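Novice: Take the sequences, apply the hints, and build the full model.
Numbered continuously in the numbering used here, the sequence shown closes out at residue 159.
For the record, the hints were derived by calculation from the structure and aren't laboratory data.
Since the structure is predicted, the reported quantities are computational estimates derived from the model, not experimental observations.
Hints are supplied without guarantee of correctness; some may be wrong.
[Claimed, not checked] Taking lysine-lysine and the DSS-like style, the derived pairs with C-alpha atoms no more than 25 Å apart in a straight line are:
| no. | residue 1 | residue 2 |
| --- | --- | --- |
| 1 | LYS94 | LYS64 |
| 2 | LYS136 | LYS100 |
| 3 | LYS104 | LYS64 |
| 4 | LYS104 | LYS70 |
| 5 | LYS94 | LYS78 |
[What the hints assert, rightly or not] Computed Cβ-Cβ distance ranges for the label pairs, DEER-style:
| no. | residue 1 | residue 2 | range |
| --- | --- | --- | --- |
| 6 | ARG142 | GLY115 | 30 to 40 Å |
| 7 | LYS78 | ASP143 | 23 to 33 Å |
| 8 | ASP101 | GLY58 | 39 to 49 Å |
| 9 | TYR133 | GLU74 | 12 to 22 Å |
| 10 | LEU146 | PRO30 | 39 to 49 Å |
| 11 | LYS100 | TYR138 | 22 to 32 Å |
| 12 | LEU146 | GLY43 | 15 to 25 Å |
| 13 | SER103 | ASN46 | 39 to 49 Å |
We put the beta carbon where it would ideally sit given N, CA and C, even for glycine.
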Amino acid sequence: MANICTKSKTPPEANELILRFEQGDSNAASTLGYNYLFGTDGFPKNTSLAKEWLEKAVKMNNLDAAVTLGWMYSKGIGVEKDTSKAFELYNLGADGGQREGLFNLGNYFMNGIYVQKDYEMARDILLKLQTLDRRMPSTI
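Specialist: Now the structure itself:
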């Protein structure tokens, strides 16, 4: 009888990450979500699985996952576009000091995305970001 080999679409690295998630590691869930979202590290691109894993990580208060999921909602990638949900997730990240969350939230206020334009609020948010990353220009 012939030996028929089938190629699994789930990379072996996923099993280790799933085990870490089951042990309470929110970063593992966030990494799974990111890898499925962008098809990196040998993972197939799968926005449905990306959303599922990112949501699990957000429930565990993972700020990076919140901002990545917010990006999905802001662009309508794998989900229905929802700037309200994106704003909520960016705000969650920003409240925790997550850099991209702060940047995206500042951008929303600067450009009036979902909220009324508020340059002062945008400036305050971006100044918080500047204190986290001294490499940003000080001309905000």
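Novice: Does each hint fit the structure? Answer for all of them.
Specialist: Verification of the supplied hints:
no.	hint	verdict
1	LYS94 x LYS64	holds, 16 Å
2	LYS136 x LYS100	holds, 20 Å
3	LYS104 x LYS64	holds, 23 Å
4	LYS104 x LYS70	holds, 13 Å
5	LYS94 x LYS78	holds, 21 Å
6	ARG142 x GLY115: 30 to 40 Å	violated, 20 Å
7	LYS78 x ASP143: 23 to 33 Å	holds, 29 Å
8	ASP101 x GLY58: 39 to 49 Å	violated, 23 Å
9	TYR133 x GLU74: 12 to 22 Å	holds, 21 Å
10	LEU146 x PRO30: 39 to 49 Å	holds, 41 Å
11	LYS100 x TYR138: 22 to 32 Å	holds, 25 Å
12	LEU146 x GLY43: 15 to 25 Å	violated, 35 Å
13	SER103 x ASN46: 39 to 49 Å	violated, 27 Å
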